[in-house]
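S.K.: Sequence:
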Amino acid sequence: MLRDQRLTRRRFVKGTAAAIFGAPYLVPSSALGREGKPAPSERVALGCIGVGGRGQHDMRRLMKYGGEVVAVCDVKSDVREQARALAGVPPNSAYNDFRELLDRKDIDAVMIAPPDHWHVLIGIAAIKAGKDVYVEKPLGITIAEGKAMREAVRESKRVFMHGTEQRGMTDVRKMCELVRNGRIGKLHTITVACPSGQEIGSPPEMPVPEGFDYDMWLGPARRAPYTEKRCQTPFFFFISDYSPSGFVCSWGVHHLDVAQWAMGTDDTGPVEIDGRGTFPKKGDLADTPLTWRIEYKYANGVRIVFTDTSQNPEGVRFEGTDGWIFKAYQKPTQAQPKSLLESAIGRDEIHLYETDSDDRCFLECVKSRRETCSPIEAAHRSTTIGYLGHISILLERKLNWDPEKERFVNDPEADALLSRPMRPPWRLDSSA
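Under this note's numbering, think of the first position of the sequence shown as 16, with each following residue one higher.
Be a bit skeptical, because a hint or two may be false.
Claimed, not checked - Result set (BS3-like, lysine-lysine): computed pairs, CA atoms no more than 25 angstroms apart in a straight line: (1) 353 with 201; (2) 244 with 91; (3) 312 with 162; (4) 312 with 172; (5) 120 with 353; (6) 162 with 346; (7) 172 with 420; (8) 162 with 353; (9) 353 with 382; (10) 143 with 172; (11) 201 with 312; (12) 244 with 201; (13) 346 with 189; (14) 413 with 143.
Since the hints were made in silico from the structure, they are not lab data. Note that the coordinates shown come from a computational prediction; the quantities given were computed from them, not determined experimentally.
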């Protein structure tokens, strides 16, 4: 079997080779550097897990930047076949069970993009199998899951990337550098807004379609009668079994991550949280917030106001004593005074991680072993902010948070919501 010997030696030195077991795989001639493909020393062999709409988007981008997809996995046979054809891999390299893909010795890294309730379980299993990981946002569905993922990454020293995207966008980086370097004066308020939640209705139970492993789709979530919308995008984002806070965290983490980056608080979080929200009517399949307003206070005095878009325009707005700067997702940056946008960051000022694509960054870091632009601590902390807000909404009161201990202050009722049980045989400390 022909393999990238540089990557193989690296695995051996890091003591992870013994943990990886897999079936034989014949590497095609294209992997040898012919046909215009990357030579073995430059190629990253990828496995893609969860290859529906978002997963195929990520897969295409990783392929665009030179990643070589050698295996795909999805619990829906039609989706799996689409991704298999896109990657050009043989039928025996398309899997229903992610554990079979992770057994492959020839895979360097995995992209993980199933529904949110699977992100951390698969991520930890991949790390234990010796793979580098690109995990879609958010980082799990509880704060306890994020902590477990952080521990796994730290112990293994695997390369980790969180798919919040915007740290790989040049204009977002420049905006954050302007804030960090005081161009708007002293920062005092950040306003974040993302799309509102949705109602689904009460669809009837339906037969599980042929070719869909519904039990595996549910995985650690409780058993529930099948209905098509339960397992469709975007509807499952509004069902707490699979995305506990709905868009509060699953969408909001995009912009909350930008707020953290601009403040320089990737290793901490707020100290006070006060949130309120509205929910779908009883009996609706959706049970996550429709609208919300959450206020966070940080130890540095900065306040974040986080709402849905019924109250503020989508985006992130930084307000300081000398001006403001605002950016919506993939839209031009606005500022007052406008001259802020022409301000250059000097050589001796703060410069943030520079890359023009998080996908490219991930592949480059797999080869260089450098930390990515969206590392595990930043991922965990930005995801935590969303879940803290949701817990405050659920309890309908202000909460005090200790970002160092990662516990609420003298509040066992709130602490009880930091984790939740999983359906056996799945558990947080293993891939079952």
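S.K.: Take the hints in turn and mark each one as holding or not.
M.R.: Comparing the hints with the structure gives:
no.	hint	result
1	353 with 201	holds, 17 angstroms
2	244 with 91	holds, 14 angstroms
3	312 with 162	holds, 22 angstroms
4	312 with 172	violated, 33 angstroms
5	120 with 353	violated, 53 angstroms
6	162 with 346	violated, 33 angstroms
7	172 with 420	holds, 23 angstroms
8	162 with 353	violated, 41 angstroms
9	353 with 382	violated, 40 angstroms
10	143 with 172	holds, 11 angstroms
11	201 with 312	holds, 15 angstroms
12	244 with 201	violated, 46 angstroms
13	346 with 189	holds, 14 angstroms
14	413 with 143	violated, 39 angstroms
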